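Sequence order for the protein chains is A and B. Its first residue numbered 257, the first sequence is counted upward by one per residue in the working numbering. Its first residue numbered 183, the second sequence is counted upward by one per residue in the working numbering.
Simulated from the structure, these hints should not be mistaken for laboratory data. Being a predicted model, the structure only gives us computed values, none of them experimental. Take the hints with a grain of salt, since some may be wrong.
[Said to hold, decoys possible] Using 20 angstroms as the maximum straight-line C-alpha spacing, the simulated EDC-like pairs for lysine to aspartate or glutamate come out as follows:
#, chain 1, residue 1, chain 2, residue 2
1, B, K233, A, E811
2, B, K237, A, E811
3, B, K469, B, E395
4, B, K469, B, E217
5, B, K233, B, E389
6, B, K237, B, E410
[What the hints assert, rightly or not] Coverage of chain A stretches by chain B, computed from C-beta distances (three or more under 8 angstroms per stretch; other residues unrestricted):
#, stretch
7, 688 to 699
8, 705 to 717
Ideal placement from N, C-alpha and C gives every residue a C-beta, glycine not left out.
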Amino acid sequence: MTLAAVGLGVAVAVGALTGLAAVVVPVRGRSTVVGIGTAVTGVAGLVAGVAALGGQTFTLVLPGVLPLAGVRFTLDPLGGLFLAVTAGVAVAAGTYGISYARHGLDARPVQAVFPLFVVAMLLVPAADSVGTFLLCWELMALASLLLVLAEHRRRPEVASAGRWYAVMTHLGLIAILIGLLVLTAHATNDSFAALRNAAPHMPSGVRDVVFVLTLAGFASKAGIVPLHAWLPRAHPEAPSHVSALMSAAMVNLGVYGVARVGFDLLGGGPRWWWLLVLALGALSAVYGILQAVINTDLKRLLGYSTTENLGLVFLGVGAAGLFASSGQHVLAAVALAAALLHVVGHAAFKTLLFLAAGSVLHATGTRDLDALGGLRAGMPVTTGLFGLGALAASALPPGTAFVSEWLLLQALIHGLPASGAATAIVMPVTVAAVALTAGLAVATFVKAFGVGFLAKPRSTAAARAHESPVSMLAGMGLAGCACVAVALAPAVALPSIGHAAQAALGDGAPGVSGAVTLRLTGIVGSLSPVLLAGSLLAAALVVAALLRAVAVRRERRAARLWDCGAGPLSARMEYTATSFAEPLQRVFDNVVQPETDVDVTHHEESRYLVAAVAYRHRVPDRIERRLYQPILTAVAVWGQAGRRLATGSVHRYLGYGFYTLLGLLIVLAVTR
Amino acid sequence: MSALGVVGGIVQPLLIVAGSPLLVGLMRQVRAKLEGRAGPGVGQPWRDLRKLLRKEPLAPRGTSEVFRSAPLVLVATTLVVAVVVPFVTTASAVDPVADLFAVVALLALGTVALALAGLDTGTAFGGMGASREMTIIALVEPTLLVAIFALSVRVGSTNLAAIVSSTLHDPGRVISPVSLLAAVALIVVIVAETGRLPVDNPSTHLELTMVHEAMILEYAGPDLALVELASAMRLSVFLGLLANLFLPWGIATAVTPAALLIGAVAVVGKVAVLGVALASAEVFLAKLRLFRVPELLAGSFLLSLLAVAASFFLA
Chain A
257 MTLAAVGLGV
267 AVAVGALTGL
277 AAVVVPVRGR
287 STVVGIGTAV
297 TGVAGLVAGV
307 AALGGQTFTL
317 VLPGVLPLAG
327 VRFTLDPLGG
337 LFLAVTAGVA
347 VAAGTYGISY
357 ARHGLDARPV
367 QAVFPLFVVA
377 MLLVPAADSV
387 GTFLLCWELM
397 ALASLLLVLA
407 EHRRRPEVAS
417 AGRWYAVMTH
427 LGLIAILIGL
437 LVLTAHATND
447 SFAALRNAAP
457 HMPSGVRDVV
467 FVLTLAGFAS
477 KAGIVPLHAW
487 LPRAHPEAPS
497 HVSALMSAAM
507 VNLGVYGVAR
517 VGFDLLGGGP
527 RWWWLLVLAL
537 GALSAVYGIL
547 QAVINTDLKR
557 LLGYSTTENL
567 GLVFLGVGAA
577 GLFASSGQHV
587 LAAVALAAAL
597 LHVVGHAAFK
607 TLLFLAAGSV
617 LHATGTRDLD
627 ALGGLRAGMP
637 VTTGLFGLGA
647 LAASALPPGT
657 AFVSEWLLLQ
667 ALIHGLPASG
677 AATAIVMPVT
687 VAAVALTAGL
697 AVATFVKAFG
707 VGFLAKPRST
717 AAARAHESPV
727 SMLAGMGLAG
737 CACVAVALAP
747 AVALPSIGHA
757 AQAALGDGAP
767 GVSGAVTLRL
777 TGIVGSLSPV
787 LLAGSLLAAA
797 LVVAALLRAV
807 AVRRERRAAR
817 LWDCGAGPLS
827 ARMEYTATSF
837 AEPLQRVFDN
847 VVQPETDVDV
857 THHEESRYLV
867 AAVAYRHRVP
877 DRIERRLYQP
887 ILTAVAVWGQ
897 AGRRLATGSV
907 HRYLGYGFYT
917 LLGLLIVLAV
927 TR
Chain B
183 MSALGVVGGI
193 VQPLLIVAGS
203 PLLVGLMRQV
213 RAKLEGRAGP
223 GVGQPWRDLR
233 KLLRKEPLAP
243 RGTSEVFRSA
253 PLVLVATTLV
263 VAVVVPFVTT
273 ASAVDPVADL
283 FAVVALLALG
293 TVALALAGLD
303 TGTAFGGMGA
313 SREMTIIALV
323 EPTLLVAIFA
333 LSVRVGSTNL
343 AAIVSSTLHD
353 PGRVISPVSL
363 LAAVALIVVI
373 VAETGRLPVD
383 NPSTHLELTM
393 VHEAMILEYA
403 GPDLALVELA
413 SAMRLSVFLG
423 LLANLFLPWG
433 IATAVTPAAL
443 LIGAVAVVGK
453 VAVLGVALAS
463 AEVFLAKLRL
473 FRVPELLAGS
483 FLLSLLAVAA
493 SFFLA
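Given the sequences, and given the hints that come with them, work out the whole structure.
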């Protein structure tokens with residue numbers, strides 16, 4: 257029995273028991289039991305994941321659990337990384353849920369499903385056969401669907417979000433199912449080892465079909481454009497600790513799927529596979545952040561930012577595949593390590609941001625940035641933590657995303673001179689996409705933090721905001737510590753991530769080394785996040801000391817803000833989130849195509865007098881409108897047409913049955 | 183950490199802090215002369231700073247620590263850049279930080295601190311300035327990174343010391359199309375980043391046109407002194423970076439008093455020439471409308487993309 261096996265076993269057992277306990281325990285202590293149980297599940301999972309990253313492994317075969325194929329579990333470094341990330345998010349979300357779930361989320365079904373969702377997510381990266389993988393994947397999808405629907409009685413939008421999610425996640429499942437079954441048909445059994453052996457001998461057309469189908473399924477789970485439509489609906493409508501689990505942990509499993517199938521099971525592929533992944537990633541990154549910068553709903557903004565970050569991860573994975581397919585294993589290892597480091601960093605800051613958004617929702621009852629503001633007075637700790645998360649998300653030093661994006665850019669820069677014309681065109685455009693994403697991400701998070709938390713409150717609810725209970729702060733604090741750790745000491749995590757990248761790529765290039773300074777091995781490049789943060793701090797101290805020595809020493813006197821002499825400024829004169837993003841929206845007018853309606857109602861007596869002006873402004877998701885609306889319309893038309901066949905007459909239905917059988921028999925008689 | 187790097191790390195920040203207000207004074211003086219005015223003299227920015235430092239610090243009602251610490255962050259980021267970038271010596275005091283991406287991101291961090299301070303005041307001006315500044319930053323970033331990409335591809339590194347040394351050893355690269363295209367793109371970007379004409383007018387206080395000035399409208403006394411000093415330092419740092427990325431000659435490669443003196447004089451001279459050129463150009467330029475600025479930046483982005491393409495096809 258290895259530590260990895262024990263950890264995973266304990267995690268599954270505690271999770272399942274917590275689910276049971278949620279049904280039994282009375283409502284008063286329920287959220288506490290579930291929260292602690294989920295956090296313990298997470299800790300055990302974290303131990304298992306870290307042990308697997310350290311090289312421990314185990315294989316568990318339970319032939320009797322599923323008919324025909326049985327259940328197989330194993331852990332390798334790649335699975336261990338995703339297991340550890342998921343478990344880490346679960347610790348923070350579980351702790352946070354102790355108090356958060358007390359407010360209308362402590363019904364039995366929701367509380368019982370929450371730990372089961374965590375368990376299902378922990379088992380996905382440990383699955384070692386197609387049957388097991390699909391089973392865990394579907395359990396995860398169903399559990400998350402039930403959790404998204406938790407508040408459907410209170411808000412009608414939840415039901416619509418749930419429908420979108422249910423349909424898209426199952427279409428994704430079907431794509432993955434077909435892909436993996438085609439792969440299994442060429443192997444002796446459905447275990448991953450058998451697939452690995454069979455993959456090199458498969459015809460290339462079949463390999464292409466497998467990759468494209470699984471890519472579609474996994475990309476839709478990761479919220480990659482154009483299959484992202486469910487994400488900005490479902491993530492905001494779920495309870496916030498569930499949003500954190502979905503946005504920081506569940507979407508990562510899409511990346512895991514692509515890495516597992518593309519690199520491990522199929523053993524890499526032709527260049528166009530990875531160009532496709534890279535293009536999807538770049539498109540998602542730019543489109544996601546563009547929608548995020550314009551959105552004024554705090555949680556929807558974070559949802560779009562998830563699409564952006566997963567886009568960057570896909571971009572890294574695509575670049576790694578591209579380099580591997582042209583034989584540059586060092587660069588492939590660096591690019592994949594950058595992508596996986598971004599997965600870890602994104603999990604940390606997105607957990608923090610969603611939990612903080614949940615605290616805001618809890619304290620003010622709104623997610624609309626235009627109605628928030630001034631929260632720093634009422635909720636200073638949450639404000640500080642959200643600020644930390646915003647810094648981490650905006651790729652500025654000394655933030656979390658800065659290190660992974662730096663690594664990614666290093667891989668892209670060194671990729672240019674190394675290979676042919678396709679790379680020469682792709683790499684600069686990719687760098688430009690990453691750069692545009694970075695720039696817009698800064699604007700997005702300045703908006704979210706500056707408009708949402710600073711300035712004056714824009715509504716009475718925001719003015720009355722109060723700090724969250726201790727357990728919610730503790731949950732956010734854990735995520736905040738993870739952000740700081742990844743930002744300052746990525747070198748601690750990078751060797752393990754390097755192992756995971758090696759496990760995926762299947763060769764021995766370590767990529768990145770160094771404790772304080774990250775040094776890329778094989779290519780020139782070094783950066784020290786700790787020294788950077790340290791020199792920044794030292795410079796600030798020097799400046800402060802000099803200022804004390806040089807400037808006049810007096811207490812700060814309170815003064816009026818400049819109001820043009822027109823009396824005190826009111827909150828209505830402030831810039832809102834909408835007005836903050838207006839210039840950017842105008843710049844990208846052709847891409848986002850906002851809709852503006854102005855309805856002027858005139859007085860009855862005279863056309864020259866205006867009674868009322870109604871102004872409506874909306875920024876629809878353009879891809880959704882162009883791509884999904886026609887499909888939905890076509891399905892609706894088809895359904896309407898089908899209704900003519902179903903009139904309600906029993907005789908008619910019997911007739912259908914009879915003639916179908918007859919037709920079938922005739923076909924059989926003719927063909928046999 | 184070499185001796186050369188340590189000496190550079192001490193000399194450079196002193197030079198930048200002392201010299202940058204003089205650069206601003208010089209540029210104002212050149213402008214005044216070209217416009218037929220007498221001008222206040224080169225030392226005026228220093229006299230302004232001295233006056234501001236003696237004034238009473240204010241805390242506008244309704245602002246928080248974010249507002250009060252932003253000038254400090256702004257100066258600190260610029261100071262770190264002044265220490266690590268090879269201006270006077272080729273070696274850097276903190277080499278693992280002297281990465282072109284890190285330097286650009288550090289300067290952006292200063293801007294972000296100021297934008298948050300603008301939002302923190304809760305006034306219309308503060309929000310307006312922050313919104314406009316972030317719009318410009320979001321559009322400048324791609325150009326800047328692609329131009330960096332073009333410069334670092336030929337060296338195979340984004341380390342500034344490596345880029346500068348490589349140009350020193352191979353002077354022929356400076357007149358290559360890659361360098362020229364990247365230089366033009368970088369000049370446009372630097373004009374936008376430092377808030378000069380035609381993107382922003384540093385001497386305007388008209389609400390329709392302010393960008394940088396709108397964000398810092400609430401600052402007074404020592405806080406304003408820090409912000410003004412930091413703006414001047416940013417301008418010097420960007421011009422020095424531009425000078426040394428393309429024309430690094432004169433930079434000290436050894437720790438001898440003569441070499442250091444030549445290095446310091448060379449960088450001062452280069453920055454002064456660039457500053458005078460910028461100031462003279464500004465006399466003939468009008469400020470662009472805010473919504474015409476993206477077109478300018480898109481143009482420079484195209485140039486930087488061409489630079490990368492050229493760096494591949496001419497290699």
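The hints, checked one at a time:
About 18 angstroms separates the Cα atoms of K233 (chain B) and E811 (chain A), which keeps this hinted pair within 20 angstroms; it holds. With a C-alpha separation of about 11 angstroms, the suggested pairing of K237 (chain B) with E811 (chain A) holds against the 20 angstroms cut-off. For a cut-off of 20 angstroms, the pair hint linking K469 (chain B) to E395 (chain B) stands: about 14 angstroms separates their Cα positions. A C-alpha spacing of about 17 angstroms is found between K469 (chain B) and E217 (chain B), which places the hinted pair at or below 20 angstroms, so the restraint holds.
The suggested pairing of K233 (chain B) with E389 (chain B) is violated, with an alpha-carbon distance near 26 angstroms, which exceeds 20 angstroms. Of the pairs offered as hints, the one joining K237 (chain B) and E410 (chain B) holds, with about 14 angstroms between alpha carbons and a cut-off of 20 angstroms not exceeded. Given as covered by chain B, the stretch 688 to 699 of chain A passes the check, having 9 residues with a CB less than 8 angstroms from a CB of that chain where 3 are the minimum. A stretch counts as covered by a chain when three or more of its residues have a beta carbon under 8 angstroms from one of that chain; for the stretch 705 to 717 of chain A and chain B the count is 6, and the coverage holds.
Hint 5 from the list above is the single one not met by this structure.
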